[in-house]
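Student: So the chains spell out like this:
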Amino acid sequence: MIKIGVLGLQGAVREHIKSIERSGAEAVVVKKVEQLAEIDGLILPGGESTTMRRLINQYGFLQPLQQFSDAGKPIFGTCAGLILLAKEIVGQQEPHLALMDIKVERNAFGRQRESFEATLAIEGVAPDFEAVFIRAPYIMKAEANVEILAKYNEAIVAARQGTILCTAFHPELTEDDRLTRYFVKMVEDVKKELAY
Amino acid sequence: MANLGTDRVKRGMAEMQKGGVIMDVVNAEQAKIAEEAGAVAVMALERVPSDIRAAGGVARMADPTIVEEVMNAVSIPVMAKARIGHVVEARVLEAMGVDYIDESEVLTPADEVYHLNKKEYTVPFVCGCRDLGEAARRIGEGTSMLRTKGEPGTGNIVEAVRHMREVNGQVRKLISMSTDEIMTFAKELGAPYEVLLDIKANGRLPVVNFAAGGVATPADAALMMELGADGVFVGSGIFKSDEPAKFAKAIVEATTHYQDYQLIADISKGLGTAMKGLEISTIAPEQRMQDRGW
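Quick mapping for you: the protein sequence lines, in order, are chains Z and V.
Just so we're aligned: 71 in this note's numbering is position 71 of the first sequence, and the numbers increase by one with no gaps anywhere.
Just so we're aligned: 151 in this note's numbering is position 151 of the second sequence, and the numbers increase by one with no gaps anywhere.
By construction, these hints were calculated from the structure, which means they are not laboratory data.
Just so you know, these numbers come straight off a predicted model, no measurement behind them.
Glycine residues also receive a C-beta, built at the ideal position from the N, C-alpha and C atoms.
You may find that some hints are simply not true.
[What the hints assert, rightly or not] Over 10 angstroms on every C-beta distance to chain Z, these chain V residues come out as not near it, computed from the model: (1) 12; (2) 20; (3) 35; (4) 85; (5) 161; (6) 165; (7) 177; (8) 186; (9) 219; (10) 274.
[Unchecked claim] With a straight-line cut-off of 30 angstroms between C-alpha atoms, the simulated DSS-like cross-links for lysine-lysine are: (11) V:32 <-> Z:87; (12) V:32 <-> Z:32; (13) Z:18 <-> V:32; (14) Z:18 <-> V:276; (15) Z:31 <-> V:119; (16) Z:18 <-> V:246; (17) V:269 <-> Z:31; (18) Z:192 <-> Z:31; (19) Z:141 <-> Z:87; (20) V:246 <-> Z:31; (21) Z:32 <-> V:269; (22) V:32 <-> Z:103.
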């Protein structure tokens, strides 16, 4: 069976774990670097990106996470996870993991009172996905090698670059597992390929 | 079409704070120290609870200048406190764009009978609770997040422990009950029946429950996580300690790795003196903040 980790330093970890399990894969909370060796794919959950980054530094996760991705293992980032993945962040000198060729803006839709739900069409995933945006970022610019999966009012809110997937919203806050299943499929495909 | 202020959006915001530490701050400088230390949010106040306790008199919503200063200083969410039942303080904070409102017993209540109808607001609320009855009443009114009341500003964890154990113990009892027993349980607790049915069906509270009121050390924060808290509020504990920046970082780490005792030992070394604590029995009954709220 496929084993998928959820980075468990802070944020909505439990919801992703449940969604992975409902999608037919084994789920594990990753709190230590050594655990990266035993998983086939990783989810970076929603939470506070500044808090996660501090804890990533504290426990020496930065390079191991980049190596995990370089080894071809899939990563899925939601909201704060998307910010961690971006190569460029508006108003910030340094990016975090810098794995995706995207430029993102934090809290791009506004503060909590501007947070919202909307129905989105996500390419290859669902024509009618209930998306929950909470102090969400969006992708302002994506390089040509990035596949745009969904937009909301012209803002890019879901994208894929090879084995990396990201959304500005929180699929884990709904019972809709179609995005998680899409990611599980990505992990399965990569595992088959890596086995050859 | 975008839907604002739905339950999922309001409760979801609190879900994103899980495993994190929310810190009380009184100015931009403290807010930056908190953000740098890894706080998931800050609570903007005019005075921390221990100073409110010392000052006496009526404690009100903070001066909007302070709240605004803090909002401009950090990119993490900013919370602020309104008095229990004070509709206008809550509306003012909402209009300012505060991310979460604490309808708080730390301030002097504006209404001794009614809490706010929190369902009417776009901004989400957090409320204190000592037992499941109080938790369920606040959920019934529309709170999107709970926290234990503890006894604020004391640096004494004993009341927060009591409240966390009480709520979680009653939730476990409720889940094991047969449905025909729940109405009487609701009557005993003074809890809305429908809220209890929902908790039984889902096997847990519908909103996150943080620990608050007396957390003074990294070990205190870890203890509350061990007892089932979803995260931790630290009021006076950080900026009343000798070295706030170090203390703040240590509390964040202890909350993340609350079962890694060697790590908690390491980060607790050389932290300097924690805030001075208060024995609960030395507080006059009318000075107990936890008894405010109905």
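Student: Hints first: check each against the structure and report whether it holds.
Tutor: A quick look at each hint next to the structure:
Listed as a non-interface residue, residue 12 of chain V fails to keep its Cβ farther than 10 angstroms from every Cβ of chain Z; the least gap is roughly 5 angstroms. For residue 20 of chain V, the condition that its CB be more than 10 angstroms from all CB atoms of chain Z is violated, with the nearest at approximately 5 angstroms. Non-interface call for residue 35 of chain V relative to chain Z: violated, since the shortest CB-CB distance, roughly 6 angstroms, does not exceed 10 angstroms. Every CB of chain Z lies more than 10 angstroms from the CB of residue 85 of chain V, the least distance being 21 angstroms, so the non-interface label holds.
Consistency note on residue 161 of chain V: stated as away from chain Z, and its beta-carbon is indeed over 10 angstroms from all of that chain's, at 23 angstroms minimum. For residue 165 of chain V, the non-interface assignment is confirmed: its Cβ lies about 21 angstroms from the closest Cβ of chain Z, beyond the 10 angstroms cut-off. Taking the minimum C-beta to C-beta distance to chain Z, about 24 angstroms, the non-interface status of residue 177 of chain V holds against the 10 angstroms cut. No beta-carbon of chain Z is positioned within 10 angstroms of the beta-carbon of residue 186 of chain V; the least distance is around 27 angstroms.
The Cβ of residue 219 of chain V sits about 18 angstroms from the closest Cβ of chain Z, beyond the 10 angstroms cut-off, so the non-interface label holds. Distance check on residue 274 of chain V: its Cβ is at least 22 angstroms (rounded) from any Cβ of chain Z, clearing the 10 angstroms threshold; non-interface status holds. With a CA separation close to 24 angstroms, the supplied pair residue 32 of chain V and residue 87 of chain Z stays within the 30 angstroms bound. Restraint check for residue 32 of chain V and residue 32 of chain Z: the C-alpha separation of about 28 angstroms stays at or below 30 angstroms, so the hint holds.
In summary, the hint linking residue 18 of chain Z to residue 32 of chain V is not supported, as the alpha carbons are separated by about 35 angstroms, beyond the 30 angstroms threshold. For the proposed pair residue 18 of chain Z and residue 276 of chain V, the alpha carbon gap of about 42 angstroms is over 30 angstroms, so the pair is violated. Simply put, residue 31 of chain Z and residue 119 of chain V have alpha-carbon atoms about 36 angstroms apart, too far for the 30 angstroms limit, and the pair is violated. Of the pairs offered as hints, the one joining residue 18 of chain Z and residue 246 of chain V is violated, with about 35 angstroms between alpha carbons and a cut-off of 30 angstroms exceeded.
Distance restraint check for residue 269 of chain V and residue 31 of chain Z: the Cα-Cα separation of roughly 22 angstroms lies within the 30 angstroms cut-off, and the hinted pair is therefore satisfied. Only pairs whose Cα atoms come within 30 angstroms are accepted, and residue 192 of chain Z paired with residue 31 of chain Z is accepted, the gap being roughly 27 angstroms. Using a Cα cut-off of 30 angstroms, the hinted pair residue 141 of chain Z and residue 87 of chain Z holds, with the two alpha carbons roughly 11 angstroms apart. For the hint pairing residue 246 of chain V with residue 31 of chain Z, the CA-to-CA distance comes to about 22 angstroms; that is within 30 angstroms, so the pair holds.
Between residue 32 of chain Z and residue 269 of chain V the CA atoms are separated by roughly 22 angstroms; this keeps the pair inside 30 angstroms, and the hint holds. A distance of roughly 25 angstroms separates the Cα atoms of residue 32 of chain V and residue 103 of chain Z; the hinted pair therefore holds under the 30 angstroms criterion.
Checked against the numbered hints given earlier, the structure breaks hints 1, 2, 3, 13, 14, 15, 16 and satisfies all the rest.
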